[in-house]
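**Student:** When you get a sec, could you build the whole thing from the sequences and use the hints?
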Amino acid sequence: QKEVEQNSGPLSVPEGAIASLNCTYSDRGSQSFFWYRQYSGKSPELIMSIYSNGDKEDGRFTAQLNKASQYVSLLIRDSQPSDSATYLCAPRAFKAAGNKLTFGGGTRVLVKP
Amino acid sequence: DTGVSQDPRHKITKRGQNVTFRCDPISEHNRLYWYRQTLGQGPEFLTYFQNEAQLEKSRLLSDRFSAERPKGSFSTLEIQRTEQGDSAMYLCASSPRGVNTEAFFGQGTRLTVV
Numbered sequence: 001q002k003e004v005e006q007n008s009g010p011l012s013v014p015e016g017a018i019a020s021l022n023c024t025y026s027d028r029g030s031q032s033f034f035w036y037r038q039y040s041g042k043s044p045e046l047i048m049s050i051y052s053n054g055d056k057e058d059g060r061f062t063a064q065l066n067k068a069s070q071y072v073s074l075l076i077r078d079s080q081p082s083d084s085a086t087y088l089c090a091p092r093a094f095k096a097a098g099n100k101l102t103f104g105g106g107t108r109v110l111v112k113p
Numbered sequence: 001d002t003g004v005s006q007d008p009r010h011k012i013t014k015r016g017q018n019v020t021f022r023c024d025p026i027s028e029h030n031r032l033y034w035y036r037q038t039l040g041q042g043p044e045f046l047t048y049f050q051n052e053a054q055l056e057k058s059r060l061l062s063d064r065f066s067a068e069r070p071k072g073s074f075s076t077l078e079i080q081r082t083e084q085g086d087s088a089m090y091l092c093a094s095s096p097r098g099v100n101t102e103a104f105f106g107q108g109t110r111l112t113v114v
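Protein chains in written order, with the numbering used here: chain A, 1 to 113; chain B, 1 to 114.
No lab work stands behind these hints: they were computed from the structure.
Virtual Cβ for every residue (Gly too), placed ideally from N, Cα, C.
Any given hint might turn out to be false.
Calculated lysine to aspartate or glutamate pairs in the EDC-like style (CA-CA distance at most 20 Å, straight line) [to be verified]:
(1) B:K57 - B:E78
(2) B:K14 - B:E78
(3) B:K11 - B:D86
(4) A:K95 - B:E102
(5) B:K14 - B:E56
(6) A:K95 - A:D27
(7) A:K67 - B:E102
(8) A:K112 - A:E57
(9) A:K67 - A:D78
(10) B:K71 - B:D24
(11) B:K57 - A:D27
(12) A:K2 - B:E44
(13) B:K57 - A:E3
(14) A:K95 - B:E44
(15) B:K11 - B:E83
(16) A:K42 - B:E44
(17) A:K42 - B:E102
(18) A:K42 - B:D7
(19) A:K42 - B:D24
(20) A:K56 - B:E102
(21) A:K95 - B:E56
(22) A:K56 - A:E45
(23) A:K42 - B:D86
(24) A:K95 - B:E52
(25) A:K42 - A:D83
(26) A:K67 - A:E3
Footprint (simulated), chain A over chain B, 3 or more residues, beta carbon under 8 Å [stated by the list, open to error]:
(27) 40-53
(28) 99-111
**Tutor:** As structure tokens, then:
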């Protein structure tokens, strides 16, 4: 079992629709959860962070966390062509030896005009 | 603050040569991470520093890879005797101290081994 699982996609959504991305993780010690957006050939860009169970909204993005189910999701409302990118889920556990982020393989999103 | 800075942005090297990359984190960020990313994959953890101490290193990292952060500020990643399989994007990230803090990435160094 991979530490962080994401559907690789591509997830194709029409412009203006909602894109729903899912992520499951195996480390129950994970305390912080991050979503990064990565355009082709570029480095990851942080778009959302969530630390408590429930929803967190920031503009068109909503992150949802359920620690009991080891599940985190990202909703993109009113999807735009500029949202076409790969979205990386990254839980982080804090341990004495370190606190690395562990990345999933990413979900590629294609927003069609 | 201009963010995390990596140098060089691109490096082409011949197989067997040594290469060194530099990362300047956001000032006052005491945590620094190195990742490697190949096409179609998520970033793979290489190593982590807290201040100048290297606290974690991936078991997947061969002995040809070494990283330093001598004064707790910038960091270098060296790859000795490069192989074609080392071709990848090398990413550096930094974050401040604290439990719920965010990590920010530099632009990355794209390495091509020919």
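**Student:** Now tell me, hint by hint, if it's right for this structure.
**Tutor:** Hint check results:
no. : hint           : in the structure
1   : B:K57 - B:E78  : holds, 14 Å
2   : B:K14 - B:E78  : holds, 15 Å
3   : B:K11 - B:D86  : holds, 12 Å
4   : A:K95 - B:E102 : holds, 16 Å
5   : B:K14 - B:E56  : violated, 29 Å
6   : A:K95 - A:D27  : holds, 11 Å
7   : A:K67 - B:E102 : holds, 19 Å
8   : A:K112 - A:E57 : violated, 24 Å
9   : A:K67 - A:D78  : violated, 27 Å
10  : B:K71 - B:D24  : holds, 12 Å
11  : B:K57 - A:D27  : holds, 18 Å
12  : A:K2 - B:E44   : holds, 12 Å
13  : B:K57 - A:E3   : holds, 17 Å
14  : A:K95 - B:E44  : holds, 18 Å
15  : B:K11 - B:E83  : holds, 14 Å
16  : A:K42 - B:E44  : holds, 16 Å
17  : A:K42 - B:E102 : holds, 19 Å
18  : A:K42 - B:D7   : holds, 15 Å
19  : A:K42 - B:D24  : holds, 18 Å
20  : A:K56 - B:E102 : holds, 15 Å
21  : A:K95 - B:E56  : holds, 10 Å
22  : A:K56 - A:E45  : holds, 18 Å
23  : A:K42 - B:D86  : holds, 18 Å
24  : A:K95 - B:E52  : holds, 18 Å
25  : A:K42 - A:D83  : holds, 14 Å
26  : A:K67 - A:E3   : holds, 15 Å
27  : 40-53          : holds (count 8)
28  : 99-111         : holds (count 10)
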